[in-house]
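In terms of our numbering, the sequence shown opens at residue 63 and continues consecutively.
Hints in this document: simulated from the structure, not taken from any laboratory.
Careful: at least some of the hints might be erroneous.
The calculated BS3-like cross-link candidates involving lysine-lysine, where the alpha carbons are at most 25 Å apart (straight line), are [what the hints assert, rightly or not]:
1) Lys362 with Lys327
2) Lys265 with Lys125
3) Lys362 with Lys265
4) Lys125 with Lys529
5) Lys362 with Lys308
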Amino acid sequence: MAAQTGSTASVGAPPVPSLTWSDCQGGFECADAAVPLDYREPQGRTITLAVIRKKAADQTKRKGTLFLQPGGPGNSGVDFVRGNHASLPAALRDSFDVFGYDVRGVARSSQVQCWDDQTYTQAITAAKGVPGPDAYEPAVRQAADFDQACQTNSGDLLPFVGTEYVARDIDLLRQALGEEQLTYYGRSFGSYIGTVYAALFPKRVRALALDGAYDPEHYANQPYAYDRPQYLALDGAMSRFLDWCKADQATCGFGDGDPRAAFEKLKADLDADPVTTPSGGKANGYTLVYRLLFNINEGKVIWPSLGEALRKAQQRDNTSFLLRPPSPASYDFLNPNVVVECVDKDYPGGKARLKREVTTNARLAPLLGPALAYGPPTYDHQHATACTQWTGEQVSRYDGSFRAKGSAPILVVGNTGDPDTPYQDAVALSRQLDNGRLLTFKAEGHTAFGRSACATDAVTGYLVDLKVPARGTTCADETQPPSATPKVAPPGTTLTELVNGVSDRLDRLGSLR
Numbered sequence: 063m064a065a066q067t068g069s070t071a072s073v074g075a076p077p078v079p080s081l082t083w084s085d086c087q088g089g090f091e092c093a094d095a096a097v098p099l100d101y102r103e104p105q106g107r108t109i110t111l112a113v114i115r116k117k118a119a120d121q122t123k124r125k126g127t128l129f130l131q132p133g134g135p136g137n138s139g140v141d142f143v144r145g146n147h148a149s150l151p152a153a154l155r156d157s158f159d160v161f162g163y164d165v166r167g168v169a170r171s172s173q174v175q176c177w178d179d180q181t182y183t184q185a186i187t188a189a190k191g192v193p194g195p196d197a198y199e200p201a202v203r204q205a206a207d208f209d210q211a212c213q214t215n216s217g218d219l220l221p222f223v224g225t226e227y228v229a230r231d232i233d234l235l236r237q238a239l240g241e242e243q244l245t246y247y248g249r250s251f252g253s254y255i256g257t258v259y260a261a262l263f264p265k266r267v268r269a270l271a272l273d274g275a276y277d278p279e280h281y282a283n284q285p286y287a288y289d290r291p292q293y294l295a296l297d298g299a300m301s302r303f304l305d306w307c308k309a310d311q312a313t314c315g316f317g318d319g320d321p322r323a324a325f326e327k328l329k330a331d332l333d334a335d336p337v338t339t340p341s342g343g344k345a346n347g348y349t350l351v352y353r354l355l356f357n358i359n360e361g362k363v364i365w366p367s368l369g370e371a372l373r374k375a376q377q378r379d380n381t382s383f384l385l386r387p388p389s390p391a392s393y394d395f396l397n398p399n400v401v402v403e404c405v406d407k408d409y410p411g412g413k414a415r416l417k418r419e420v421t422t423n424a425r426l427a428p429l430l431g432p433a434l435a436y437g438p439p440t441y442d443h444q445h446a447t448a449c450t451q452w453t454g455e456q457v458s459r460y461d462g463s464f465r466a467k468g469s470a471p472i473l474v475v476g477n478t479g480d481p482d483t484p485y486q487d488a489v490a491l492s493r494q495l496d497n498g499r500l501l502t503f504k505a506e507g508h509t510a511f512g513r514s515a516c517a518t519d520a521v522t523g524y525l526v527d528l529k530v531p532a533r534g535t536t537c538a539d540e541t542q543p544p545s546a547t548p549k550v551a552p553p554g555t556t557l558t559e560l561v562n563g564v565s566d567r568l569d570r571l572g573s574l575r
């Protein structure tokens with residue numbers, strides 16, 4: 063892995079982009095923003111970022127601009143704003159022009175390309191839900207092939223897609239919008255982007271709400287220590303779902319009294335005899351694990367739907383949303399998801415350490431972990447094999463400190479049962495920040511804003527009026543599992559996207575009104 067990391071040497075201030083807005087339907091305005099490709103050469107080559115906003119209806123009452131940042135890395139900020147604006151609390155829509163953008167290397171902002179759709183499809187079709195004992199070495203070779211494809215197809219861009227440069231882009235966009243300070247809501251990976259912004263520009267923070275937060279020190283500088291809790295959190299969430307399924311078989315409907323054993327058998331059965339999908343593809347045990355990886359994020363509200371989908375999979379019913387292989391829309395997300403983390407993270411070298419860590423993660427998280435640990439480069443859990451072999455420069459990586467000394471109060475939000483960003487990460491971030499305040503949501507699922515009225519009100523009050531929740535504030539208004547599978551999925555859930563055929567990586571907030 064390249065050793066070149068660290069802060070950008072300033073050689074004159076980069077020019078503030080000029081935004082020429084045009085109507086892009088639905089009351090939204092779109093523009094392009096030219097920012098430096100390499101902040102070591104701020105007057106040099108540029109990269110164009112796609113940006114979007116929707117103005118507050120009454121401009122005389124607006125407080126400024128609210129930046130919305132989705133998760134990922136790899137999700138489109140343009141789509142995030144367009145897809146979620148109508149669901150935002152009225153206080154946010156009335157108080158702010160709502161703004162978002164596709165970060166460098168993502169979607170309309172020079173999408174990075176590694177594997178093409180055909181190669182990704184072949185790799186995922188060959189992956190297993192229950193990998194065999196010899197799965198490790200092929201996984202390492204496959205990750206090396208992925209890395210080489212990245213260098214071949216996007217090598218000129220890769221060094222510059224790390225989060226330090228993303229944060230510097232945000233500061234230029236802040237200036238382009240005429241804002242003296244930043245007001246920002248970031249969820250999941252968007253919380254890490256906000257953390258790095260605060261570290262670089264602490265005095266320019268008005269309000270940062272970081273929901274589903276990362277432990278930034280572990281993420282950037284001790285990535286194995288970041289990976290393991292994520293494996294454990296995901297398997298813990300799946301385990302709690304199966305426990306509920308066993309306790310409420312009438313509602314869940316999967317497992318014939320032993321859902322855990324049924325799930326293990328289902329993975330193996332699908333590997334041995336994949337189901338043909340309506341489009342002619344193949345869905346196996348890996349497909350099942352991949353879909354659960356994302357759908358488990360919706361929390362208890364989706365549990366009856368997961369039970370029904372597992373039962374359909376057991377019956378080889380290809381309408382089960384858990385038997386939908388990743389699509390090209392997913393690959394557009396997964397390519398930058400891997401690349402950004404390989405640029406951001408400092409994995410220690412050494413194949414022996416890699417093997418020990420990967421095999422331990424698979425062993426400690428037996429429900430979903432093995433498929434992810436030994437699968438092709440996809441989402442967070444499967445990055446170690448690719449990132450330890452990464453040969454590209456990391457000039458845009460940020461390595462700390464993460465204190466944000468002297469900033470305004472920063473709100474950190476964490477869920478106690480979060481399967482994606484473990485709760486202890488939010489606790490760690492709130493302690494690392496010089497002026498952090500933790501808000502806890504006692505719940506399953508990923509992120510709190512839009513899923514908890516209590517948390518949504520707290521975040522809104524903080525962003526609008528700078529009201530910081532009292533220390534120790536905990537929200538406990540988790541939505542419990544419906545008594546039967548809903549005919550219409552709750553607004554914002556992944557199930558809705560799958561059923562309706564919407565891009566399966568569109569990042570949606572919950573119902574916020």
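Structure-based check of each hint:
Between the alpha carbons of Lys362 and Lys327 the distance comes to roughly 24 Å, so the proposed pair stays at or under 25 Å and holds. A hinted pair counts as satisfied when its Cα atoms are at most 25 Å apart, and Lys265 with Lys125 qualifies at roughly 18 Å. The hinted pair formed by Lys362 and Lys265 fails the criterion: a straight-line CA distance of about 39 Å is larger than 25 Å. Under the criterion of a C-alpha separation no larger than 25 Å, the hint pairing Lys125 with Lys529 is consistent with the structure, at around 15 Å.
Distance hint between Lys362 and Lys308 is fulfilled; the C-alpha atoms sit about 14 Å from each other, no more than 25 Å.
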